[in-house]
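Peer 1: In case you want the letters, here they are:
Number of protein chains: 8
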Amino acid sequence: MAPSSSNKSSVLPTGGGAALMDPSDTLVLLLDHQSGLFQTVKDIPVADLRRNVEMIAKLCTLLNIPVVTTASEPSGSNGPLMPEIHQYAPHAVYVPRKGEVNAWDNADFVAHVESTGRKTLVMAGVWTSVCVMFPALDARVAGYDVFAVIDASGDPSEMVSRTSLARFVQGGVKPTSTNALLSELHRTWARPEAASLAQLYGLVAPNYAAVMESYQRAQEAVKKAV
Amino acid sequence: MAPSSSNKSSVLPTGGGAALMDPSDTLVLLLDHQSGLFQTVKDIPVADLRRNVEMIAKLCTLLNIPVVTTASEPSGSNGPLMPEIHQYAPHAVYVPRKGEVNAWDNADFVAHVESTGRKTLVMAGVWTSVCVMFPALDARVAGYDVFAVIDASGDPSEMVSRTSLARFVQGGVKPTSTNALLSELHRTWARPEAASLAQLYGLVAPNYAAVMESYQRAQEAVKKAV
Amino acid sequence: MAPSSSNKSSVLPTGGGAALMDPSDTLVLLLDHQSGLFQTVKDIPVADLRRNVEMIAKLCTLLNIPVVTTASEPSGSNGPLMPEIHQYAPHAVYVPRKGEVNAWDNADFVAHVESTGRKTLVMAGVWTSVCVMFPALDARVAGYDVFAVIDASGDPSEMVSRTSLARFVQGGVKPTSTNALLSELHRTWARPEAASLAQLYGLVAPNYAAVMESYQRAQEAVKKAV
Amino acid sequence: MAPSSSNKSSVLPTGGGAALMDPSDTLVLLLDHQSGLFQTVKDIPVADLRRNVEMIAKLCTLLNIPVVTTASEPSGSNGPLMPEIHQYAPHAVYVPRKGEVNAWDNADFVAHVESTGRKTLVMAGVWTSVCVMFPALDARVAGYDVFAVIDASGDPSEMVSRTSLARFVQGGVKPTSTNALLSELHRTWARPEAASLAQLYGLVAPNYAAVMESYQRAQEAVKKAV
Amino acid sequence: MAPSSSNKSSVLPTGGGAALMDPSDTLVLLLDHQSGLFQTVKDIPVADLRRNVEMIAKLCTLLNIPVVTTASEPSGSNGPLMPEIHQYAPHAVYVPRKGEVNAWDNADFVAHVESTGRKTLVMAGVWTSVCVMFPALDARVAGYDVFAVIDASGDPSEMVSRTSLARFVQGGVKPTSTNALLSELHRTWARPEAASLAQLYGLVAPNYAAVMESYQRAQEAVKKAV
Amino acid sequence: MAPSSSNKSSVLPTGGGAALMDPSDTLVLLLDHQSGLFQTVKDIPVADLRRNVEMIAKLCTLLNIPVVTTASEPSGSNGPLMPEIHQYAPHAVYVPRKGEVNAWDNADFVAHVESTGRKTLVMAGVWTSVCVMFPALDARVAGYDVFAVIDASGDPSEMVSRTSLARFVQGGVKPTSTNALLSELHRTWARPEAASLAQLYGLVAPNYAAVMESYQRAQEAVKKAV
Amino acid sequence: MAPSSSNKSSVLPTGGGAALMDPSDTLVLLLDHQSGLFQTVKDIPVADLRRNVEMIAKLCTLLNIPVVTTASEPSGSNGPLMPEIHQYAPHAVYVPRKGEVNAWDNADFVAHVESTGRKTLVMAGVWTSVCVMFPALDARVAGYDVFAVIDASGDPSEMVSRTSLARFVQGGVKPTSTNALLSELHRTWARPEAASLAQLYGLVAPNYAAVMESYQRAQEAVKKAV
Amino acid sequence: MAPSSSNKSSVLPTGGGAALMDPSDTLVLLLDHQSGLFQTVKDIPVADLRRNVEMIAKLCTLLNIPVVTTASEPSGSNGPLMPEIHQYAPHAVYVPRKGEVNAWDNADFVAHVESTGRKTLVMAGVWTSVCVMFPALDARVAGYDVFAVIDASGDPSEMVSRTSLARFVQGGVKPTSTNALLSELHRTWARPEAASLAQLYGLVAPNYAAVMESYQRAQEAVKKAV
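Residue numbers (the UniProt record's numbering), protein chains in the order written: chain A, 1 to 226; chain B, 1 to 226; chain C, 1 to 226; chain D, 1 to 226; chain E, 1 to 226; chain F, 1 to 226; chain G, 1 to 226; chain H, 1 to 226.
Think of the hints as simulated: they come from the structure by calculation, not from any bench. Treat the numbers as computed from the prediction; the structure is a model and nothing was measured. It is possible that some hints are incorrect.
Said to hold, decoys possible - Within a straight-line C-alpha distance of at most 25 Å, the following computed SDA-like cross-link-like pairs (lysine to any residue) qualify: (1) C:K223 x G:P74; (2) B:K58 x F:A47; (3) G:K224 x A:H112; (4) A:K98 x B:M21; (5) H:K119 x G:Q170; (6) D:K42 x G:A47; (7) H:K224 x D:V95; (8) C:K224 x H:A190; (9) D:K42 x H:K119; (10) C:K223 x H:M212; (11) A:K98 x A:H112; (12) C:K98 x A:D22.
As the list claims (entries may be wrong) - Which stretches of chain B does chain D cover? Using the computed rule of at least three CB atoms under 8 Å from a CB of chain D, they are: (13) 92–104; (14) 134–142; (15) 171–184.
Using N, Cα and C, we set each Cβ at its ideal position, and we do this for glycine too.
Pulled out of the complex, with its shape left as it was, chain A reads as follows (with noise of 0.2 Å):
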C-alpha cells in the first residue's frame, strides 16, 4: 500500500517554487534495478549506480514519498533485485510483470500508479533507454508530469546514454539527477529531518561525508582547546 498523499510537509516554502516538483503529488518508481542487468551498465559505476538508489529508498522512507519496484523475470538471468531498495524503503510496493518489457504494458502497474493519484512520477532503473525511457514516454503521453533520474539508472555504453538524455528531453520528460531529487523533494533545512538529510548527501557525494567529518573534528579541536 502507498503512503497516503497528506504526507505534504508543511515546512515547505508555499510562496515559490512552482516550477519545481511537489513532493505531496509524487510517486517514485524504481524499475527493474536486478543484479544481472547492472553487469551490462556501462554509464556508471555500479556502486555508484547502487549508492544513489540506495540514497532514493532512504529518502523515501525519511519524507514518506511512496515507491513501487518492479522487476522483469527476477529469476531468469537478469537476476534479482538489489536488495537495498526494499531493505531501505520497507513501505515500498512490488508489482511483478508477466513478461513485458515495458512497464506500461502492464495493466497492474499501470492500476497501482493510477491508484495512488499522484500525478508526478519519478522514474529510475536499468536500462535508461528501455526500462525507464518505454514507461516515461507513455506516462508522458498519458499526462503526467515525468522525471527520469539519469544517474539513478544505468546504460550500455556511454553513446546510448547521452542518446537516452536527448529522447527524454524530445518526449518531455524532464532529466534529472539523485542530487538534485534529493533536494528538490526536502527543500528546506529548517526541517525536523534536517539531520539524517545531511547523512543523505554523503551517498550522493561522498567528498561531502568527508566535509562533514573534517567539519565536526575542526568544532571538537576548538572545543576541547576551550
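Based on the hints, put chains B, C, D, E, F, G and H in the right spot on chain A.
Peer 2: For chains B, C, D, E, F, G and H alone, coordinates are given in the frame of chain A:
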C-alpha cells in the same frame, strides 16, 4: 520484396505503449554500411558498430520487419556493404543509387519506401551526420515518424557525433540505440521467439552473454547436486 | 544596494544584437559558491571554477553590473563563500537565507531581485543542478530571461552535469559560459575599459594570457631593434 | 564581390531534399579564425580545426559559394587570420570591424551579408560561443536560416563546447559539421567536380585518404597482373 | 600491540609461490587517510578509495595481519582519519607523529615497525607521492620488502599518479592493488574463512557482489522448482 | 596431452630474431577466463577480451602450440570458462585446481607445465593482477621466460591495470599484446598458413577485416572491368 | 649568486630519510618556461603548469633553495619567461644561452651549476621531452642525482608525456611531482615556516585551499558560539 | 645509397651531451607505414601520425641523415607506403622484404643497416608492438643503440600502446618522441638550417605554427607603425 505488413504480432500488449513504435508499421533502412567508410568512424569501435548492425539484421528476420539497404557506389573506394546484413536478413532489399549522397534524393529509394506503406522509418548508417541525417530530415518533412539508431551508425569524430545528435532532435528525428530498438520491437518476453531474442541481448550488451552463461552453469550445478 | 540601472554604456552598438543580453537590464546572481560544496564538484576543476567566478566579480565591477550573493548556512559544513567574490565585487549584496535550498523560496531574495527592476538574470552556483537549477526554473516561470553560466557552476559528476544542461534547455533557461558572458556584456573593444577587459580574457582562457605576453615581447623586440 | 547567385548546379536532384540547404542560397561566414585565438581552443586540436576550415575554403571555391571573412583587430594580440582561407578561397571578401565582438553589430558586415541576397548563412569561427554564437542568434532573429559548423569552430573547454551546442539548438541555429557541410553542398557524385570532391573527403576524415590510397594500389596490382 | 607472528596459516600451499608475499611476515601500514586530504585526491574517486581501505582493514582482521595507522595532526585542517579503519580493524595500532611529513622520519613509528619483526611492509596512504612514497623509499633502503597499494592511496592528479608509479618501480618498491593484496594474502579458497573472503571481493570489485547475488538466486530458482 | 615439441616450423627465419620467442619452445597458459569474473573487468571491453582470447585459441591450433587452461571452481559464482577456448583449441588441456588462487600453487598445474619441456610461458587470464601475476612471478623465479598478454587479460580498473603492467616489468615478466603474439609466433607470411593467419588479424584489429574486404572488392571491380 | 649551502635546516629529522633529497644539497633548474612554448603544451593545462612553477619559486625563496633559470632566445617566437618565477624567487639566477636546445650544451650553464657545489638537481621545463630530458640525461651521466618535476613541465601530447616518463626512468632520472617536491623539501611541519608552507599546499592542490577555508570557518563558528 | 657518415655538423656543441644521440652515427628506419595498416592504428590519429613521419622525412633530408624504408607486401591489403616519406626524403632507400614480419629477419635489411656503419638506430613504424618492437629488440641484442619514436608509430589500442612502451624499456630500447628527435638531432639554433628547422616545429606541435604567425604579425605591426 518487403515482408507484408500483416506481421503485427498478436502477443503485443494492447492497452499501453501509445508512445512507442509499432512493429507492424516499421521499416528499417540501413544506409551505406561500407567497409571503406568504416575506417573513418571514430565515435564507436567498428567491431561494436558491426555487431549492432548484425543484431538489427537478425532481429528484423526474427520479427519479420522489412529492411532496405543501399550504398553509394560499392565498387568505388567506399567499399562493399558489410556482408552480415544480407547474410542475416536475406529478405532485405538492396536499392542502388546513382551517385546521390542523400538516399532520399534517389527516386527509386523513396518509391520503395512508399511502396511498403509503412510510416515509421528506423534509420542507421555511416556517416550518421550525412547518410542518416539527410534522408531522416527529408523523411520527417515528408511526414514520416523517423528514428535514428545512433550506435548502429558512425561519425568521423566525437564532436561530430554529438553535433549530429543535437541536429536530429532539433529536426524532429527521434534518436535511439540498438538495445532500445531491440526491446521496443519485441516488447514482451511472452512470445515464442523469446529464446532467440535473449541471444540478441548478448550482441547489444556483451556482458549479458556472460550473465547468461553464469546463470546456466549455476543452475546446472544445482541440478547435478540434486 | 545594487548599482543604478543607468549604467547602459553609450558605446554599445545600437543597430544589432537584439538576441543578446542587455547589460543595463542584467543582474548577476552568485549562489552558494562555498568551500565545503566545492569539494563535491567533479565536472570542473575547482581552480578553474573559482577563477571563472573571480572573473565575473571583476567584470561586474568594471562594467557596473549589480551582483547578489547568497549562501546556505555559511557557518555549517557547507563552509564560507569563496572570499574572492566580495573582494573583487565590493558592490555585491549578500542576502542570507533561512535554510531554503532554493534561493527563490526565500522571500528576501526574490524581493531583492525584484527591487533592481532588471529582468535578465545571470545565475551561477554550486550545485548547478540544484542551487542554479531551482531558482532558474522558478525565475523563468516568473517571466525573467534567465542565463545559467555552466562553467562558473559545478555539479557532482559529469553525468549530472550533462543532465543539468539538458534540463536547463528544456526549461527555457539559456545556458552560457564565462567567456561568452564576458564578451556578451562588454560587446565592443571600442570602449575605455578595453585594457582591463583584455586582462579578464586571460582568466577565462589562461592560454590567452601567454598570447598577450608573447605579443608584447615580440613588439618590444622590434622597438629595441629600431 | 560575392559570386553571383546563378551557381545553382543543374546536377542537383530536383525532387527530394527539401529539408537540406540550397547551395544557391548559401553564404559562408568565417569569423575570427586568428592565430592568437587558436591557442585558447581546447575542444578540438588546432591542426584539425585548421584543416576543416581549409576544406571549407576549397569547397566554396570548387562549388562557387560566396565566402565572407572578418577579424577582430588582426594587428592586435588576437593575431592574423589563418592564411589558408584567402589562399584557397581567393574570392572570399574580408570585412574589417571597428572593435565589435559580434560581427552582426558591425553595419558593414550586415550590409554585405544582405547584399548577397542569400538567406542561408553557414557560420564558423573562434570562439564558437562568442564569435559564432552572437551573429548566429542575431541572424536567426533577423530571419535567416543559420547553420553553425561546430568542428570548424573552437571553444576554450569541452564544457563550454557542449554548452554552446545546447544554446545553438535552443536559439534555432542548426548545428552541423564540416563533413556534413561538404556532403550537403555537393549532394551528388554525378557531377563534374567529383574527383576534386573526393580529395576533400580526405581532409575531413584523414583515414579516408588512406582508404583511397589502398584502393588505387589494389587496383593497380590487378592491372599489372593482367 | 601487533598480533603475534604465529599467524601463518597452515592452509597455505607449501610448494610454490616463492615470489609472493608471506602473510606471516607482512605488516600493513595505513598512512594519513584523512578527510581533509581526501578532498585533494583526483586519481581515484573517494568512495572507491575508502571502500578499498575498508577492505584492507577487514582483511587484516580476518587473517590476523597486524596494522599500523598514523596521521599528520588529525586536529588540524588535514582532518581526522577515516573511522572505518579502526572500526573494522580494532587491533590496528595508531602511532601519532610530531609534525613529520614522512612517517619514517618519526622514531616511534620506525621503532614500532621494527618491533613486529616483520620484513614485508604493505603501505597505502594519501598522498601516494608523499605519505606512501617517502617511507616506502626509506624502508626499501633499510632492507624491507615494500609494497605500495596504489588504489588504496591517492594523488592530486592523474599526472602525479603515473609519476608516483614510475618512481616506486625505480626505487624498488613493488606496486600492487587492493584486489591483488586480497588474493595474495589469502592464497587459497580451501580455508575456513572462505565465505567471509568472498564478501570482500564484492568490495574490491562491486560487480562481483552482483555476480554473487545472481548466482544465489539462479540456484534458489532451481531448488524451488525441484 | 600437449602437442609434441617437434612443431618448429622450417619456414622460420634462421638468421635473426634471437630476442623473440621461439614457437617450438612456447606454451600458452589461459587462466580463469570465466564468465563471472568477466563482469569485474574494467580495463578492456569484455567483447574485445573474448575476441582476443578466441584469436589465441585459433592461433595455437593453427600453429600447433600447446595450450593449458585452468579455472578456480567453475561451478561456483566465478562461472564457467568461456567456451570459445576449448571450441577453437580442442587440443587444450584443462587442469582443475583445488581452491588455490595462484595456479602455480597447484602441483598438478606446475607438473603439467614441466612435462611439456617448454621454457617460454605465454600467460593470459582474469584478473591480470592476480591470476596472471602470481604464476608469472613464480614461473620467473623458477627460471622460465614469461610473457603476459595484457589485452587477453583483464583487471578491475584502469588504475589496477597500469599497476599490473609496472609490476610485471619490475618482476622480469615481459608484457605483450595479442596482436604482437600473433605476429611473433608466425613470424613470416611465407608459410602455408598465410591465408588463415590473415583472418586472425581481423580479430585483433577489426578495422583490418574491413581493409581486406575493401581490398578484395577493389580488385574484383578491376577484374570485372577487364 | 646562489644561496650558500649552509641552509640545511636544523629542524630536519636526523635519523631517517636517507632515500630522500637533502635540501642543503639541492639546486632547482627551471628551463624554458616561455609563453610561446606554453601554447604547445597538451599534457597539463597551462594554468596548472604555471601555478606549479609559481609554487616552486615561492618554495625556494621560503626555504632558501638556489634557483637557476634559462631560456632559448626569449626575444624570439618562443616568447619571454613567465614573469612569476623571478617575481617570486628574486634570488633566481638567469643564465642566457647561445642557441643551444640543451642547456647542458651551454658551458656557462654547466659552470654555474658546478659553482653551487650541489649535486642534487631538480629540473622542470617546457618541453619535458627536450628541455628537461636532455640536460637531465647529461647531468645523470655527469654524476648528479637528478629529479624531473613532471607536472611543472609540459609536453606536446599525452603520448609524448608518457614516453618522457619512461625515458627518464630508463636513464636513471627520478620522476617526481610538484606536491612531492614541496613535501620532500620541507619534510616537517615543526618548523617556523609552517604557516607559509600551508599556503603553498593550496597551490599544488587547489581543493586544499578550500579545506583550509572550511576549517577556519568551522572553528570561528565555535569560538563565536563560546 | 646511404649518405656518407661525414655529415657531423661542426656547429654541434663539443663539450656536453654525451648522453644524447650523435647525428653522425644515426640511421633512421621507417617500417611499414602503409595505408592499410593505418586504419588499425588507435593510439594516435592518423593525421598526426603521418604529419610526424613527414617531419622525420624532412628533417633527415635537411640534416643529411640516412633513411631506410621497408614494407610488408605493398601490393597486398596492407597497402602502399605513405608517399610523403620518399617525397620529402628522396635519399631514402627502400628495402623490400620476402614476407618476414620482422625486418630484422630479412638478411638484406640487416645487411643494409650494417653497411651504413652507423650504430644508433632510430625506428618508427606500424604497428609499434610488432614492426618496431621486433627489429628493435633484435638490434639491441646485436649491440645497437636503439630508439623507438612512439608517436611516429601506431598500435591497435591504447592498452597495446602502453604495453609496447613498457616492453621497449624492459628490452633496453630507448623510447622517444618526434619532437624530441627533432631537437636531439639539430641540437642548436646556431646553425644555417635554423629557419627551416623552425618550420618543422610547426609540424610536431601545430600550435607552434600559430605562435610563429602571431609573432611575425606582432612585429610587422610595430614596423608599420614605426
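Peer 1: None of the hints should be skipped; say for each whether it holds.
Peer 2: Outcome of the hint check:
no. : hint            : in the structure
1   : C:K223 x G:P74  : 15 Å, holds
2   : B:K58 x F:A47   : 19 Å, holds
3   : G:K224 x A:H112 : 54 Å, violated
4   : A:K98 x B:M21   : 20 Å, holds
5   : H:K119 x G:Q170 : 19 Å, holds
6   : D:K42 x G:A47   : 13 Å, holds
7   : H:K224 x D:V95  : 21 Å, holds
8   : C:K224 x H:A190 : 22 Å, holds
9   : D:K42 x H:K119  : 42 Å, violated
10  : C:K223 x H:M212 : 18 Å, holds
11  : A:K98 x A:H112  : 15 Å, holds
12  : C:K98 x A:D22   : 20 Å, holds
13  : 92–104          : holds (count 6)
14  : 134–142         : holds (count 5)
15  : 171–184         : violated (count 1)
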